[in-house]
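**Student:** So the chains spell out like this:
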Amino acid sequence: MATNEELTEQLKSREYEAGFITDIDSDTLPPGLDEDVVRAISAKKDEPEWLLNWRLEAFRHWQTMAEPQWANVHHEAIDYQSISYYSAPKSDDDAPKSLDEVDPKLLETYDKLGIPLREQAFLAGVKNVAVDAVFDSVSVATTFKGKLKEAGVIFCPISEAVRDYPELVQQYLGSVVPTGDNFFAALNSAVFTDGSFVFIPKGVRSPMELSTYFRINAMNTGQFERTLIIAEEGSYVSYLEGCTAPMRDENQLHAAVVELVALEDAQIKYSTVQNWYPGDENGVGGIYNFVTKRGECRGDRAKISWTQVETGSAITWKYPSCVLKGDDSVGEFYSVALTSNYQQADTGTKMIHLGRNTTSTIIAKGISAGHGQQSYRGLVRIGKDAEGARNYTQCDSLLLGKTCGAHTFPYVEVKNSTAIVEHEATTSKIGEDQLFYCQQRGISEEDAVSLIVNGFCKEVFNELPMEFAVEANRLMEVSLEGAVG
Amino acid sequence: MNDQMNDHVHDRMSESATFTEQLQDRFVETQKSLPGAHESWVRVLRKSAMDQVVSQGMPNTRHEAWKYTDVKKYLDRLLADSVEMPSLNVSEEMLTAFSFDDLDSLRVVMIDGKVSQALSSLKNIPAGVRIESMADMFAKEPDVIEAYLHDQHVSGAFAALNNAMMSDGVYLEIPDGVVVEQPLHCLFLSASGDSASYHIKNLIVAGECSQVTVIEHYASIGESTAFINAGTDVELHAGGRLEHYKLQQSGSKEVNIGSIRVHQHRDSYYHSHSVAFGAALSRRDIHVEMNGEGAECALNGLYLVGGRQHVDHHTRIDHVRPNCRSRESYKGVIDGRARAVFNGKVVVHENADQTDSAQSNANLLLSDQAEIDTKPDLEIYADDVKCAHGATVGQLDMKQLFYLRSRGLSEDEARNVLMFAFADEVLTAIKVPQVRKYLERIAFEKLPHGAELDGLLG
Numbered sequence: 001m002a003t004n005e006e007l008t009e010q011l012k013s014r015e016y017e018a019g020f021i022t023d024i025d026s027d028t029l030p031p032g033l034d035e036d037v038v039r040a041i042s043a044k045k046d047e048p049e050w051l052l053n054w055r056l057e058a059f060r061h062w063q064t065m066a067e068p069q070w071a072n073v074h075h076e077a078i079d080y081q082s083i084s085y086y087s088a089p090k091s092d093d094d095a096p097k098s099l100d101e102v103d104p105k106l107l108e109t110y111d112k113l114g115i116p117l118r119e120q121a122f123l124a125g126v127k128n129v130a131v132d133a134v135f136d137s138v139s140v141a142t143t144f145k146g147k148l149k150e151a152g153v154i155f156c157p158i159s160e161a162v163r164d165y166p167e168l169v170q171q172y173l174g175s176v177v178p179t180g181d182n183f184f185a186a187l188n189s190a191v192f193t194d195g196s197f198v199f200i201p202k203g204v205r206s207p208m209e210l211s212t213y214f215r216i217n218a219m220n221t222g223q224f225e226r227t228l229i230i231a232e233e234g235s236y237v238s239y240l241e242g243c244t245a246p247m248r249d250e251n252q253l254h255a256a257v258v259e260l261v262a263l264e265d266a267q268i269k270y271s272t273v274q275n276w277y278p279g280d281e282n283g284v285g286g287i288y289n290f291v292t293k294r295g296e297c298r299g300d301r302a303k304i305s306w307t308q309v310e311t312g313s314a315i316t317w318k319y320p321s322c323v324l325k326g327d328d329s330v331g332e333f334y335s336v337a338l339t340s341n342y343q344q345a346d347t348g349t350k351m352i353h354l355g356r357n358t359t360s361t362i363i364a365k366g367i368s369a370g371h372g373q374q375s376y377r378g379l380v381r382i383g384k385d386a387e388g389a390r391n392y393t394q395c396d397s398l399l400l401g402k403t404c405g406a407h408t409f410p411y412v413e414v415k416n417s418t419a420i421v422e423h424e425a426t427t428s429k430i431g432e433d434q435l436f437y438c439q440q441r442g443i444s445e446e447d448a449v450s451l452i453v454n455g456f457c458k459e460v461f462n463e464l465p466m467e468f469a470v471e472a473n474r475l476m477e478v479s480l481e482g483a484v485g
Numbered sequence: 001m002n003d004q005m006n007d008h009v010h011d012r013m014s015e016s017a018t019f020t021e022q023l024q025d026r027f028v029e030t031q032k033s034l035p036g037a038h039e040s041w042v043r044v045l046r047k048s049a050m051d052q053v054v055s056q057g058m059p060n061t062r063h064e065a066w067k068y069t070d071v072k073k074y075l076d077r078l079l080a081d082s083v084e085m086p087s088l089n090v091s092e093e094m095l096t097a098f099s100f101d102d103l104d105s106l107r108v109v110m111i112d113g114k115v116s117q118a119l120s121s122l123k124n125i126p127a128g129v130r131i132e133s134m135a136d137m138f139a140k141e142p143d144v145i146e147a148y149l150h151d152q153h154v155s156g157a158f159a160a161l162n163n164a165m166m167s168d169g170v171y172l173e174i175p176d177g178v179v180v181e182q183p184l185h186c187l188f189l190s191a192s193g194d195s196a197s198y199h200i201k202n203l204i205v206a207g208e209c210s211q212v213t214v215i216e217h218y219a220s221i222g223e224s225t226a227f228i229n230a231g232t233d234v235e236l237h238a239g240g241r242l243e244h245y246k247l248q249q250s251g252s253k254e255v256n257i258g259s260i261r262v263h264q265h266r267d268s269y270y271h272s273h274s275v276a277f278g279a280a281l282s283r284r285d286i287h288v289e290m291n292g293e294g295a296e297c298a299l300n301g302l303y304l305v306g307g308r309q310h311v312d313h314h315t316r317i318d319h320v321r322p323n324c325r326s327r328e329s330y331k332g333v334i335d336g337r338a339r340a341v342f343n344g345k346v347v348v349h350e351n352a353d354q355t356d357s358a359q360s361n362a363n364l365l366l367s368d369q370a371e372i373d374t375k376p377d378l379e380i381y382a383d384d385v386k387c388a389h390g391a392t393v394g395q396l397d398m399k400q401l402f403y404l405r406s407r408g409l410s411e412d413e414a415r416n417v418l419m420f421a422f423a424d425e426v427l428t429a430i431k432v433p434q435v436r437k438y439l440e441r442i443a444f445e446k447l448p449h450g451a452e453l454d455g456l457l458g
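For the protein sequence lines, the chains are S and G, in the order given. Each residue of the first sequence is one higher than the last, beginning at 1 in my numbering. Each residue of the second sequence is one higher than the last, beginning at 1 in my numbering.
If you're looking for bench data, these hints aren't it; they were derived computationally from the structure. Keep in mind it's a predicted model, so treat the numbers as computed, not measured. Hints are not guaranteed to be accurate.
As the list claims (entries may be wrong) - Below, computed lysine to aspartate or glutamate pairings styled on EDC-like, alpha-carbon distance capped at 16 angstroms: (1) Lys-415/S - Asp-368/G; (2) Lys-386/G - Asp-356/G; (3) Lys-149/S - Asp-164/S; (4) Lys-446/G - Glu-413/G; (5) Lys-325/S - Asp-300/S; (6) Lys-202/S - Glu-264/S; (7) Lys-402/S - Glu-350/G; (8) Lys-386/G - Glu-424/S; (9) Lys-345/G - Glu-424/S; (10) Lys-386/G - Asp-433/S; (11) Lys-402/S - Asp-384/G; (12) Lys-429/S - Asp-353/G; (13) Lys-429/S - Asp-356/G; (14) Lys-402/S - Asp-353/G; (15) Lys-44/S - Glu-160/S; (16) Lys-345/G - Asp-356/G; (17) Lys-384/S - Asp-368/G; (18) Lys-350/S - Glu-413/S; (19) Lys-386/G - Glu-432/S; (20) Lys-429/S - Asp-384/G; (21) Lys-437/G - Asp-101/G; (22) Lys-149/S - Glu-160/S; (23) Lys-325/S - Glu-387/S; (24) Lys-114/G - Asp-136/G; (25) Lys-437/G - Glu-425/G; (26) Lys-325/S - Glu-233/S; (27) Lys-429/S - Glu-350/G; (28) Lys-67/G - Glu-413/S.
Let's have the full structure, built from the sequences with the hints guiding it.
**Tutor:** Printed below as a string of structure tokens:
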């Protein structure tokens, strides 16, 4: 069967389209990390005393922690002292009031990525999407603010939220992912520079999908995003996050923290398309993506849904999780991950059932090609009091090529006898019988492979909001293109 | 909070450091009296295994492989002196409780870690087949077992400790092409009331195209608080077939830890049944390495636990060569405050194409105080493979329950029928009818109200 080999070849040589560097002056701290750096970041952001103390506490905690070694990934040791922890576009001194004031080079960068910031041109004519574009570390442009404000929705950079809504931030920041949760979360808590803040008040349905594009730009600066989303009683929000990064030879560290809080009857839908630079075909360069994402269903009947399409990054270490505290609350995790060349991904989810009649669904699809190594690592824990809890887990892996790997490490811990937990996993290559069936009906081999891969991912893509489904499809096409059409 | 946690880790580390030192002292004391002391390779093997124990430390819950199983409170038993002579005189009659009806079998009986020639019965052994005590092999023919033991690399502190301290066990050798019709029943009895530890080592070498059934049976008489640390090594040559039963019926205060390591050559077939009913804490590490094309293995397991029992199965199947097939099915019923752990790993190595592997673990939780921690792992480094695994935790089907109730069965009867059917699926794979019947009876009695409803079994 030539198809798989061809496919592998194509994947190997797949070029990173978004790889370019925008040359603008950055206001960057020298590499290194100590308390002074934490203080400097806090000072640069004009932060209140409590937040500085919070950061310092996190930093001190971080110093006592060791980098986790359990993930099934291999990389050179990270020298945390060689990273610069702050980098902001120069124009930060005079924050732009509108798009016209934004550094044109910056806008150009987005244009090259095909992410026009301008409202009308947004996402090939898809309207009603607000973008809080994060360029390196400082949010530079926010759109649709007025319309959201009208609905009572707060959607702004977190640094702004600290200034304008300090009591909200103080109440919720670190309440889902505590500062000492894990090594990377502690690091993030100490040095986070920016991120998004979303607050949906009681009973409000967000009038549009909220969307943020992240981008790493300046050389040698890690990106430490902090996102906090709070959905009050009975509210609904769909949040989209997408990432691209320019080509680099040195590994860059990305350690974001995302916290979601859903109160009674609230729903949060969080979608990610991650396409950081994965390194070249020899495994040189690429982003280290060590992310802590966790949502808490605090109230009864709350629902949190994670959907992710992971095609980028040299190393991904990411477990979007749901803590189902409220009775009848629901957690969902839909994921497609693609690793090719020398990419490594250790990703999955945790579903912690604490409330009664809580339900969770996990659908994870992994595609591995080239020398890619992929692990699904998941935890389903049913607590003592989680009467009537239900979980269904399915993880499937598709292998393209002799040198790739696919691994599954599901943990199931059940402490309640009324729980029903099911876990299923399969691993296979594209079935020759499936290919034969398609070809026998006049579909070319390439089309058949494309068809099968599409079908394999469909269950997850269906969960993406329309705009993202388009992008995700495009991404998979780019990733698998030459081989299938 | 975290500082506290760190302190704990330090505590534990220093504790286990002093513990392994004590263990090493004990090893140095007893070393000379352990079998094979006159052979240099045996001394080297024991010494390096002990070094591994010391450098690795005894497992604690910070170790991934021991995350759910805490052995700490039982470790002291490893330091207790093993009894010189069985304190209880075991008679032939006492063994009837542990024999299988009219089964015509070869029998080796070990009392408190030592082979008892008087109780063993080895009649009509086919020509060329050797059934010996391991202690004798170490003493008289160490060269014969050297090839299988001398450069053994084991993972895990208990397996290493077993290599360091192994004293006796069963040696079974079957020449090429010989089919042993009678099953070999190896009965390991604890009869002493002391907290002694036994490091049992069994070695099975099955020649090309040979066939044999081995029953490794652990049980106890009286209130034993023994710590059994067993190791069974199997070498299965090309085309060999081994039916391997491991029945664990240890006393309720015993600790039964052990490993089974199987090395399969081409076209060989290994079938393991691991049934665990007893012990306060039991743990089995079963590691099958399929090192020849066309090899096949099937691992079945059943655990029925209640009270405060703890049962742990860790299995690992390595598909090293192409065209191998593995099947695994473990089932468990957990009641009371018991806790069950299952970890099944399947590793498909590079180039092990045409691998076909399926694994499943199903659990019935009967009580809110019971806990199950299951983790079916897959690690795959080849592409032309078919691998699947599944794990479930649940309760009895209400519809099935209703069906039986509507046919006039009482609630207890209906529940037992369904539970028994659930567990029996594993037992039906047992090919020796007498063994199956024996186990079915024990399984049924282990179920809630099982003893009262014995009539249902027929």
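**Student:** Can the restraint linking Lys-202/S and Glu-264/S be considered satisfied, given a maximum Cα separation of 16 angstroms?
**Tutor:** holds (9 angstroms)
**Student:** Is it true that the CA of Lys-402/S sits at most 16 angstroms from the CA of Asp-384/G?
**Tutor:** holds (8 angstroms)
**Student:** Keeping to a limit of 16 angstroms between CA atoms, is the pair of Lys-402/S and Glu-350/G held or broken?
**Tutor:** Answer holds: Lys-402/S to Glu-350/G is near 7 angstroms, not above 16 angstroms.
**Student:** Decide if the proposed pair is consistent with the structure: Lys-44/S and Glu-160/S, CA atoms, cutoff 16 angstroms inclusive.
**Tutor:** Holds, at roughly 13 angstroms.
**Student:** Do the alpha carbons of Lys-384/S and Asp-368/G lie within 16 angstroms of each other, as the hint requires?
**Tutor:** holds (7 angstroms)
**Student:** Holds or violated: Lys-429/S and Asp-384/G, Cα atoms, limit 16 angstroms.
**Tutor:** holds (6 angstroms)
**Student:** So if I understand the rule, the pair passes when the alpha-carbon distance is 16 angstroms or less; does Lys-386/G with Glu-432/S pass?
**Tutor:** holds (12 angstroms)
**Student:** Is Lys-415/S within 16 angstroms of Asp-368/G, Cα to Cα?
**Tutor:** Given that 16 angstroms is the threshold and the Cα spacing comes to 6 angstroms, the pair holds.
**Student:** Between Lys-429/S and Glu-350/G, is the straight-line Cα distance small enough, at 16 angstroms or below?
**Tutor:** Roughly 14 angstroms separates the two Cα atoms, so the pair holds.
**Student:** Would the hint linking Lys-429/S and Asp-356/G be met if the CA-CA limit is 16 angstroms?
**Tutor:** holds (12 angstroms)
**Student:** Can the restraint linking Lys-325/S and Glu-387/S be considered satisfied, given a maximum Cα separation of 16 angstroms?
**Tutor:** holds (12 angstroms)
**Student:** Under the criterion that the straight-line Cα-Cα distance not exceed 16 angstroms, is the pair Lys-325/S, Asp-300/S satisfied?
**Tutor:** holds (8 angstroms)
Against the hints set out earlier in the document, no violation occurs for any number.
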